[in-house]
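With the hints as your guide, set chain G onto chain X.
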Amino acid sequence: MIETQDLSVFVRHPAEGVSAMDLVVEGVHCGACISTIEKGLSNQSGVRGARVNLASKRVTVEWDEGSVTPSSILDRLESLGYPAYPFAAARLDSIEAAEEDRLLRCLGVAAFGAMNVMLISVALWGGADHSQGFATRDFFHWLSALVALPTVAYAGRPFFESAVRAVKLGAFNMDVPISLGVTLALILSVVQTLQHAPEAYFDSAVMLLLFLLAGRYLDQRMRRKTRDVATNLAAIKAEKAVKLLEGGEAREVPIAAIATGDLVLVRAGERIAVDGIVEEGRSEIDQSLVTGETAAIPVAAGANVYAGTMNMTGALRVRVSNAATGTLLDEVNTLLEKAIEQRSSYVKLADRAARLYAPVVHVTALTTFLGWTLWGLGWEPSLVIAITVLIITCPCALGLAVPAVQVVAASAMFRRGVMLNSGDALERLADIDTIVFDKTGTLTLPRPSLANGADILAEDLALAGSLALASKHPLAKAVASAAGARSPLAAHEFPGQGVTVFHEGKRLKLGSVAYCKAETEAVAVAAAWPDASLIAFRGPERAVVFAVRQAPRPDAKPVIAALRRAGLAIEILSGDRQAAVEEVARELAIPTFAAGLKPADKIARLKALREAGHRVLMVGDGLNDAPALAAANVSISPISAAHLTQAQADAVFLGDKLAPVADAIMLARKAKSLMLQNLWLSVIYNGVAVPVAIAGFATPLIAALAMSGSSVLVTLNALRARSARGVAR
Amino acid sequence: MNVLIYLVPAALALGGLGLAAFLWAMRSGQFDDLDGAAWRAISDDDLPSHGEG
Numbered sequence: 034m035i036e037t038q039d040l041s042v043f044v045r046h047p048a049e050g051v052s053a054m055d056l057v058v059e060g061v062h063c064g065a066c067i068s069t070i071e072k073g074l075s076n077q078s079g080v081r082g083a084r085v086n087l088a089s090k091r092v093t094v095e096w097d098e099g100s101v102t103p104s105s106i107l108d109r110l111e112s113l114g115y116p117a118y119p120f121a122a123a124r125l126d127s128i129e130a131a132e133e134d135r136l137l138r139c140l141g142v143a144a145f146g147a148m149n150v151m152l153i154s155v156a157l158w159g160g161a162d163h164s165q166g167f168a169t170r171d172f173f174h175w176l177s178a179l180v181a182l183p184t185v186a187y188a189g190r191p192f193f194e195s196a197v198r199a200v201k202l203g204a205f206n207m208d209v210p211i212s213l214g215v216t217l218a219l220i221l222s223v224v225q226t227l228q229h230a231p232e233a234y235f236d237s238a239v240m241l242l243l244f245l246l247a248g249r250y251l252d253q254r255m256r257r258k259t260r261d262v263a264t265n266l267a268a269i270k271a272e273k274a275v276k277l278l279e280g281g282e283a284r285e286v287p288i289a290a291i292a293t294g295d296l297v298l299v300r301a302g303e304r305i306a307v308d309g310i311v312e313e314g315r316s317e318i319d320q321s322l323v324t325g326e327t328a329a330i331p332v333a334a335g336a337n338v339y340a341g342t343m344n345m346t347g348a349l350r351v352r353v354s355n356a357a358t359g360t361l362l363d364e365v366n367t368l369l370e371k372a373i374e375q376r377s378s379y380v381k382l383a384d385r386a387a388r389l390y391a392p393v394v395h396v397t398a399l400t401t402f403l404g405w406t407l408w409g410l411g412w413e414p415s416l417v418i419a420i421t422v423l424i425i426t427c428p429c430a431l432g433l434a435v436p437a438v439q440v441v442a443a444s445a446m447f448r449r450g451v452m453l454n455s456g457d458a459l460e461r462l463a464d465i466d467t468i469v470f471d472k473t474g475t476l477t478l479p480r481p482s483l484a485n486g487a488d489i490l491a492e493d494l495a496l497a498g499s500l501a502l503a504s505k506h507p508l509a510k511a512v513a514s515a516a517g518a519r520s521p522l523a524a525h526e527f528p529g530q531g532v533t534v535f536h537e538g539k540r541l542k543l544g545s546v547a548y549c550k551a552e553t554e555a556v557a558v559a560a561a562w563p564d565a566s567l568i569a570f571r572g573p574e575r576a577v578v579f580a581v582r583q584a585p586r587p588d589a590k591p592v593i594a595a596l597r598r599a600g601l602a603i604e605i606l607s608g609d610r611q612a613a614v615e616e617v618a619r620e621l622a623i624p625t626f627a628a629g630l631k632p633a634d635k636i637a638r639l640k641a642l643r644e645a646g647h648r649v650l651m652v653g654d655g656l657n658d659a660p661a662l663a664a665a666n667v668s669i670s671p672i673s674a675a676h677l678t679q680a681q682a683d684a685v686f687l688g689d690k691l692a693p694v695a696d697a698i699m700l701a702r703k704a705k706s707l708m709l710q711n712l713w714l715s716v717i718y719n720g721v722a723v724p725v726a727i728a729g730f731a732t733p734l735i736a737a738l739a740m741s742g743s744s745v746l747v748t749l750n751a752l753r754a755r756s757a758r759g760v761a762r
Numbered sequence: 246m247n248v249l250i251y252l253v254p255a256a257l258a259l260g261g262l263g264l265a266a267f268l269w270a271m272r273s274g275q276f277d278d279l280d281g282a283a284w285r286a287i288s289d290d291d292l293p294s295h296g297e298g
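Respectively, the protein sequence lines represent chains X and G. Take any residue in the first sequence, count from 1 to its spot, add 33: that is its number in my numbering. Take any residue in the second sequence, count from 1 to its spot, add 245: that is its number in my numbering.
Since the hints were derived computationally from the structure, they do not count as laboratory data. Every residue, glycine too, gets a C-beta built ideally from N, C-alpha and C. A portion of the hints provided could be inaccurate.
[What the hints assert, rightly or not] Chain X stretches covered by chain G per the calculated footprint, using a threshold of three residues with CB under 8 angstroms from any CB of chain G:
1. 87-100
2. 132-138
[Unchecked claim] Ranges between beta-carbon positions, derived for each pair:
3. X:400 / G:252: 17 to 27 angstroms
4. G:287 / X:285: 50 to 60 angstroms
5. G:268 / X:385: 35 to 45 angstroms
6. G:266 / X:194: 19 to 29 angstroms
Next comes chain X alone, as it looks inside the complex (with noise of 0.2 angstroms):
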């Protein structure tokens, strides 16, 4: 059978005649990489040239169209020693670059508007118009005006349209009293210089900007990095299908190229990339990731199989069918959007602070304004105070409390291997009482492994593995991973049965219990080990029964134990049979657990939770976990969790263990008090200088220091986000 790879979905043709292909590269982590993978990709005949990003492991390669072939770029890798995998950037990407790009421009303009008003304002402030007279002072403010009114207008732009946009929208949110303070601060000082007062803010509102720019651009930037290493992450997990073309050629093609109505081959061992129905073919289908549950299941001509699951035993030709034909595709698809409809609309803490401050401080310049005027002050000075006080409350601080916070906190926790998907989710993560696991790829590791190694002489397991090496069986993959085996055996394959080979005179067997005639052996080991799946080998001595199962995460014990002494309660809710359930509940001394499971009784246990008055994580990886994620009121998956899966998770976490599922509590609840702390000291702040505004003592000088002043303090104290106690460590 001939086998050819097909990547023309991710060829772009940036000019007539180029083609060039983007691509992530394993391991590039020094200039040697850089200089290697360059030079190895140009001198290439028709490549044009290679361009590697270390910073987020990519490379972009161009050739002249037609004198390459993709696949043949990246053998070429491959041999350099840096296997790479082609992705197409989505177009969310693009958008979300190109707001960075304009928020790092308008950060650029800002800082050069707030320096050379700065400049300017430190002259003023240090008696240049005592000494100077008053036609200098006048001058200093149009000058300093000149640079300040075009900074504004283009670098004040990113909150002014989202003050329009959420005014339009009858929603309030932070940037309206900030763009209404910018605005007013400027109008003011405008009038002022007209009439040749001795005040002018222009230098308050340039500084404002500055500060809420950068607090901005570096929660942007800290997004962006969270999704390249995500999509970096897809694009190495990315499934291939071979599809069967007409005449029996079979060809490897991405994904992304495989079309409804298409015939793909599924061979033993490979994990299925499409939902479709087999058309040929029998075999044993491994649903754990879809359903939960770990026994195998026969499918055979007729059957519907879906994406994410495993096909063991044997070959499977699939007719690719609409993803939404699948009937428990269907169901996990309707949930999700009925859980999604009814997540309970949480307002970020940063707009519910808006909502309160905002009245409060308009009444408050209200009634300044009439308070003087009744005094007797004329209504021209009454407004210049009653404006100064609005300027001086104008949410500098609050509007950098919270960003400030997330930022530093989300970077804590990327350190940590959890990568946030929204905003929000470290307030909501903060505030949870209870968290509901699922069993299978959750609490348990995703791979299978061997249980009772204990209980084999080495002699057989060392056997044993070397035989598995050559089955692509999963089952016989974690025997071999458990004997360390490296050199296979060259062993027939019997599918459906198990692999056997002469050895040493000997005829040598692994495969099913009866294959290896082990009937007897197997029911000691599957009495120790209820819920462990059994794989026999019949050695030149004896017969011996592994014992394989999805073993809890190395630190699963100790985490869960910790998280009790938090004080959160913990339930177990999975799609497994019970016996399995029942196991991993017992070793993990988990009391509340619930098996066998359907999407929907997962959402109706969350809801009865949170109709008790509980905020609950949800922590899951299947397909059918999809749906109680968006149910819950936040979410976890770790990176192994199925496509849809993870894109309804707050939060994905890495690696074997379960410790950073703590840590983003630990970290969440330590940001929590931060930016409450954060929005107190806003509050403490106005609560100084509000009274002076309001007599009327607000100079400039007073205005910039207090502003510029509660800016830093509240973002050193952000700082602070970035060392929690772990849990379990």
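Using the frame of chain X, we list chain G on its own:
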């Protein structure tokens, strides 16, 4: 204070030059890969090479 007539424009022009340099650097993608540039500086570019190297 006549000195202001040319000092102020000079200050603004210098600042503007900095801003222009920043915008140019951004547009030409110099902030895309902050880690790679450090390594490229010490790579053996002076050796004869083919293509972009």
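Hint check results:
no., hint, verdict
1, 87-100, "holds (count 3)"
2, 132-138, "holds (count 3)"
3, X:400 / G:252: 17 to 27 angstroms, "violated, 45 angstroms"
4, G:287 / X:285: 50 to 60 angstroms, "violated, 39 angstroms"
5, G:268 / X:385: 35 to 45 angstroms, "holds, 37 angstroms"
6, G:266 / X:194: 19 to 29 angstroms, "holds, 27 angstroms"
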